[in-house]
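Q: Read off the chains here:
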Amino acid sequence: MDEGKPLFVQIAEQVEASILDGSITEESQAPSTNELAVFHRINPATAAKGVNMLVDKGVLYKRRGIGMFVAPGARELLLKERRSDFAERYVQPLLAEARRIGLGPEDVADLVRTGAGAEPAKP
Amino acid sequence: MNSVIQVRNLTKRYKDALALDGVSFDIEQDAIYGLLGRNGAGKTTAMSILTAQNLPTSGDVRVFGENPYENARVLSRMCFVRESQKYPDDATPRHAFAAARLFFPRWDQGLADELIDDFQLPLKRTIKKLSRGQLSAVGVIIGLASRAEVTFFDEPYLGLDAVARQIFYDRLLADYAEVPRTILLSSHLIDEVSNLIERVLLIDDGRIIMDESADDARALATNVVGDAAAVERVVNGREVIHREGLGRVASVTFLGRLDGAERAAVVADGLELAPVSLQQLIVRLTQHRSAGRPGADGFGSNNSGPDSSGTKSPTTNTSDADTQEGSLR
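For the record, the sequence lines run as chains A and B. In our numbering, each residue's number is its place in the first sequence (first place is 1) plus 34. In our numbering, each residue's number is its place in the second sequence (first place is 1) plus 7.
Misleading hints may appear alongside valid ones.
[To be verified] Straight-line Cα separation of at most 20 Å, DMTMM-like style, residue types lysine to aspartate or glutamate; simulated pairs:
{"hint": "1", "chain 1": "A", "residue 1": "Lys39", "chain 2": "B", "residue 2": "Asp223"}
{"hint": "2", "chain 1": "A", "residue 1": "Lys39", "chain 2": "B", "residue 2": "Asp96"}
{"hint": "3", "chain 1": "A", "residue 1": "Lys39", "chain 2": "B", "residue 2": "Glu185"}
{"hint": "4", "chain 1": "B", "residue 1": "Lys136", "chain 2": "B", "residue 2": "Asp96"}
{"hint": "5", "chain 1": "A", "residue 1": "Lys83", "chain 2": "B", "residue 2": "Glu185"}
{"hint": "6", "chain 1": "A", "residue 1": "Lys83", "chain 2": "B", "residue 2": "Asp96"}
[Said to hold, decoys possible] Computed far set for chain A versus chain B, every beta-carbon distance over 10 Å:
{"hint": "7", "residue": "Pro40"}
{"hint": "8", "residue": "Glu47"}
{"hint": "9", "residue": "Ser57"}
{"hint": "10", "residue": "Ala130"}
{"hint": "11", "residue": "Ala152"}
No wet-lab data here; the hints were simulated from the structure. Every residue gets a Cβ at the ideal spot worked out from N, C-alpha and C, and that includes glycine.
Isolated chain A (complex conformation) (with noise of 0.2 Å):
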């Protein structure tokens, strides 16, 4: 595990990734603390640590007596968060390393637009 971020929050952000990619869908029923905790080799404390901010976000909620389950909208939740980050965590670093090796904001759209498969702006 990244020794980077908290070790909870690496745990919520798994879950996320699979709600985000439909492994676990809306309405279903979302691993449990003591699940996570056992698969991930982590403290249960943590694990639900990274559930409560789930809940707290709205990812997630709780039905007494059986268990954690998506919430509806989750995913789209995920999504707009994920796309308002986006900025921060993808283009800024990578503007900054194409500063490093002298490539200006038009050649990093070209490469961006080659690498979708599209015509690149100029020859």
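Position chain B relative to chain A; hints supplied.
A: Frame of chain A; chain B shown alone:
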């Protein structure tokens, strides 16, 4: 949260050594603690006093609200597994488990049987003839199957190979999830246990120098790597606990975190932020303390009361350039 153990100003002095120097801490109910520190730091001394196998020189210890010394009520609710456990000459593991079953009110034979199987322990061989790993397994099995409300493991798993240790950690977590209880693990293998523990108690030279949640502990330090001049700009004014360099590249670890804007600046400067594992943090903190020791107070651990984590603003006389008073938070 409830504290099941309260230690206040505990001191243990031997003729020529001060094993524990006025330590104070609380152990909260049903949490897993990592009791970390170098050999001779005081971990075993602390655990043996808490389990009444040793007496304080001064200070106060309460377990379940009472003094544990010769207190059967308290002691039957505790289990202390240590490396150099002595058994009678002809005893077999079967005898040891039978005795444990009598002593521990919450003993679970089903769990013991599963563990005996997991560790492939030969029940009828005399303990004297067991391998080091098998001997450690006996202790570990007793510790887990006792399900004692307060269980101490004093590195009894050093004799276990990596596979057996993983079995121990997995079984510990699973059983703790099912039957929550208070567990204190002391270990040198910090990275191995770092994900299991909820709280870190770090002892160095008879003093508590860290009493934090594991998450907070991990967040105490940051490591910046890259062009040495750029790195120096980032760490200027911060308390540095470790430096390395190769040519123009420097890797510096300091206490504290960077906020969003600072992180963005670091990235823009072409520097990298590398994670600091709990083990690295603890090793470097301890080394840093040793370096600063002549005439210095390290991390202000004299005020290790229950709410202070011994992490007040330290003043150090280390040889690290440009260090100033910094805060561990």
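Q: For the pair we were handed, lysine 39/A and aspartate 223/B, check the Cα-Cα distance against 20 Å.
A: This hinted pair holds, its Cα atoms lying about 11 Å apart.
Q: Is the Cα-Cα distance between lysine 136/B and aspartate 96/B 20 Å or less?
A: holds (10 Å)
Q: So if I understand the rule, the pair passes when the alpha-carbon distance is 20 Å or less; does lysine 39/A with aspartate 96/B pass?
A: violated (51 Å)
Q: If I take the minimum Cβ distance from alanine 130/A to any residue of chain B, is it greater than 10 Å?
A: violated (5 Å)
Q: Quick one, are lysine 39/A and glutamate 185/B close enough, alpha carbons at most 20 Å?
A: Outside the cut-off at roughly 28 Å; violated.
Q: Taken at face value, is the distance from the CA of aspartate 96/B to the CA of lysine 83/A at most 20 Å?
A: violated (48 Å)
Q: So if I understand the rule, the pair passes when the alpha-carbon distance is 20 Å or less; does lysine 83/A with glutamate 185/B pass?
A: holds (18 Å)
Q: Confirm or reject: proline 40/A is not an interface residue toward chain B, with every Cβ-Cβ distance exceeding 10 Å.
A: violated (5 Å)
Q: Does the no-contact call for serine 57/A survive, Cβ to all of chain B over 10 Å?
A: holds (23 Å)
Q: Beyond 10 Å from chain B, beta-carbon-wise, is alanine 152/A?
A: At roughly 28 Å from the nearest Cβ of chain B, alanine 152/A sits farther out than 10 Å, so the non-interface label holds.
Q: Using Cβ atoms and 10 Å as the threshold, tell me whether glutamate 47/A really stays out of contact range of chain B.
A: Label holds. Min Cβ-Cβ 15 Å, cutoff 10 Å.
Consistency with the previously given hints fails for numbers 2, 3, 6, 7, 10, ordered from lowest to highest.
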